[in-house]
Structures are given as C-alpha cells and as structure tokens.
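Chains D and X, in that order, give the protein sequences.
Residue numbers are given in this note's numbering: position 5 of the first sequence equals residue 5, and the series is strictly consecutive.
Residue numbers are given in this note's numbering: position 140 of the second sequence equals residue 370, and the series is strictly consecutive.
Quick list of simulated restraints, FRET-style, between CB atoms:
#  : chain 1 : residue 1 : chain 2 : residue 2 : range
1  : D       : Q33       : X       : G317      : 45 to 53 Å
2  : X       : G279      : D       : E196      : 49 to 57 Å
3  : X       : E379      : D       : S170      : 22 to 30 Å
4  : D       : S170      : X       : D402      : 21 to 29 Å
5  : D       : I105      : X       : H232      : 32 to 40 Å
6  : X       : R294      : D       : P214      : 42 to 50 Å
7  : X       : R447      : D       : C224      : 34 to 42 Å
8  : X       : L293      : D       : S170      : 57 to 65 Å
9  : X       : S306      : D       : C224      : 47 to 55 Å
10 : X       : G279      : D       : I105      : 37 to 45 Å
11 : X       : R339      : D       : E204      : 45 to 53 Å
Here are some of the chain D residues that sit facing chain X, going by a computed Cβ distance under 10 Å:
#  : residue
12 : Y3
13 : I11
14 : G12
15 : I116
16 : P118
17 : R125
18 : V130
19 : A142
20 : V143
21 : I179
22 : N194
Source of the hints: derived by calculation from the structure; they are not laboratory data.
All values reported here derive from a predicted model rather than from experimental measurement.
Glycine is no exception: its CB is placed at the ideal position from the N, C-alpha and C atoms.
There are 2 protein chains.
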Amino acid sequence: GHYIICGYGRIGTLISQEFISRPVPFVIVERDQAICDSLAKEGILFVQGDATDDDTLIQAGILRAKGLITAVTSESANVYITLTARGLNPDLFILARSVEEGSEIKLKRAGATKVISPYRIGANRMAWAVLRPSVVDFIDIAVGSESLELQLEEIRVAPTSTLVDKSLVSSDIRRAWGIMIIAIKKSSGAMLFNPESNTTIDAEDILITLGEPPAIRKLEQVACGGTVNA
Amino acid sequence: GHYIICGYGRIGTLISQEFISRPVPFVIVERDQAICDSLAKEGILFVQGDATDDDTLIQAGILRAKGLITAVTSESANVYITLTARGLNPDLFILARSVEEGSEIKLKRAGATKVISPYRIGANRMAWAVLRPSVVDFIDIAVGSESLELQLEEIRVAPTSTLVDKSLVSSDIRRAWGIMIIAIKKSSGAMLFNPESNTTIDAEDILITLGEPPAIRKLEQVACGGTVNA
Ligand SMILES: [Ca+2]
Ligand SMILES: [Ca+2]
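Full structure from sequences and hints, please.
Next comes the structure, spelled out in structure tokens:
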C-alpha cells in the first residue's frame, strides 16, 4: 500500500523527505504547475489536480491506498479534502494537518483518523527545550531517523511469533539484546506502561521498545514470526 | 530566575501557555500596541519595545534572567535578537526559533544555545504518526503536560542526595516506585541509554525517568537531597 500526500508545500515537502529516507511509497497530489514541474524533475510520483476532486484522488489510487495525509495551508481545504477522501474510502487512515486552534473537531467530524497541529507541536517542543532539555535531547536522539545508538520503535507481535504467551522475563529481550520494553499497546488499544517482568506477551501486541538498531532489527524478525541467530 | 520571551505571535503565545501551566515565571517583549494592550488585560507581564534594542532587554531583566526565547516570525529579527542578547549576557541560555531551512547555523553563530524549527518538528511528527503511530501515542501521553498516568521527566541528582554512589538496583527506584530509568545524562554531557542495573548513580547525573507522576514527585524529593516516606 502507498500513501497519498495532498499538498507539496512546506509541511508536505518535509513529510516526503522523511518517507523517501525510509523508504515508504507515496504519491503527491498538487495543483500548482510550477511545483508539479519540479516534482517531475526530481522524479517524485505525483498527480496534478485538486485534492477535493473525487477523480483526482481516484487517480492517486485512494481505493487501494494505505493512508492519506492532507497538509495544505488552507484550513477549509484540509476539511474538504478529508470529507472527500472519507467518502471514497471508509476504512482509510486519514491524517489531517490542523492550522488554526479549534479546527481539530471539524477535521475529526469530517472523518480524519488523526489530527496534528504542527505549530502546536513545534511550540511545545520549544517550551520543553527550556523546561525539560534532557528529555528533548533524549527524544531527538531516540526518535530521530539518523540515530545509530538508540531507537524508540514499535514492533507488532505476529500470532506465529515464538514470543506469544511468553512473559517479558522469559522472552529474554532485555537480558540478551539489551532492549527495554517501555510500554505495550494491547490490541484493545489500551497502553500498558512500564510493564512488569511477569507480563505475558499476546499476539497482536505492539511493543514500544528502546534499544540499539541492530538489536531492534533482530527483535522485529522474531516478532514477525521469523528466526534469528542470537 | 525568569525567562524572557521575545514575540507574542502564535509560537510565543503557545510557549507562554505552557509556562503558565507549570508555572514558570516569564516576561514578554513585544512591540505591537494592540498585543500589549491585551497582555495588560490578561495580566501577563510584558515590556513594550524592540527586542533588538539593548535597553528593552535590560528592562526585561536580561542581566539576571535564566534564559531568553526568541520566537518572532522574521528570521533576520531572530538572528539580531540573539546577537543582542548574547552581547548583553555571555552565559544566558538562548533558545532561538528557526523559520527557514538552513538558518540554524546563522542563529548558532549569533550565539544561540539551542535552535528549534517548529515547522520541521511538526512535519516530522506528522510523518511519524504514519510510520510509527504507537510511538507517537506514547510520546503524546508521556510528554504531554496533561498526562496523569505516565510522565517522561528529567531529575537531577544533587551531591547531597542519598542516591549518590548507589547502583540503580540498590537504589530500589524500579522495584519500590515502579519508575524506569531509561537514560542517564552524565555531567560530561554524555547520554547513557538503557543503563544496566549495576550502573552507579553519580552526583549531578540527570536521570531520564518514566513513571507515574506521584512516584516521580517522590524521586525528585530524594534526588534533591530531601527525604520521603516510602
Ligand atoms: Ca470530479
Ligand atoms: Ca538602545
């Protein structure tokens, strides 16, 4: 499945860069001719058109997409794109950018799965850089895609994994691989923080893990049902 | 010590709200008459004037301030404010907002202690909400100031604390209070991730902790040299 990014403005561009670095497949929907010309030059997939138009979103593959991100500058356009996308695909993951305070409710009502206000997130980060500078350093290192020493990652446990029905301590994740399980998101949606060592791992659990990237890669293999040479 | 926030625009307003909720003492520096009128009505401390002017910053108490945040919309103004502030107080913590890509170097050269681009932070959060949704949920809960169930907090260990020279396991922080130490920032600036249970706690360590707020409050008391009824 691919993602559809509506709007190749400042936020859309930064999201695309992050997707390219993974890589995650995506297509841009953009009206502006000059921007589309430069996308063509850069070799980035795009559909030229209005993202509030059914035909444009269908052309961008909305019926088989994994998700849609609407990140244009106009608040009303983000609402309208969300409405259009939700109408075409009832199960789609839709992430909407909120521009003004108080628009979150409108975007949710229009069908957004998740709403993010980049401004609020950015301002909060500035406040935290003063109030909790080491926590900010920690997050920058642990979540930054460039980090080699540490990664905060989520790992889904497949029903076929050997981890299923083991306790955290008997899974040996901490001792053998130096990985901390700092939370477990249960399939019910509940988040279990700071789980005790006798907590049982269930199928479809999402483990929130903190560890070195090579160890995380090994755990991912085991969690998805594969084997690994420890 | 108080903080000086230069610019009461969108970002400055959001930072102020976060400071008020703590509370952290601050003063706004703002030129605009209408904004200053509304600050006066709200009862928020402010100095009306240009933050690139020595006199204005001195009036805002820069010589005894704990830090200064420059968050105006103009990139060149943020650079100039940083230069002015650094000239007046060589030891001040200065946090600067970066607006355009590539301005970070200029702001650092002008004397900023830390530079943050709210746009980039916000766009990254949107990308992660797609790529690592549970990690984003975790951070929202753990760092959000409204969280009651879990807090990611930093705690400085005072030289007089009973924690000094204890190992993590003998400090009993995990077993007695259910707090995870996920990293230790040493006084050298080095960040020690996922510390082992035999790691020794030194004076001036900053513990990056994850736990329930009441437990965190208790640990803060012990870390600053006080006692607590366990
Ligand atoms: Ca149409
Ligand atoms: Ca002057």
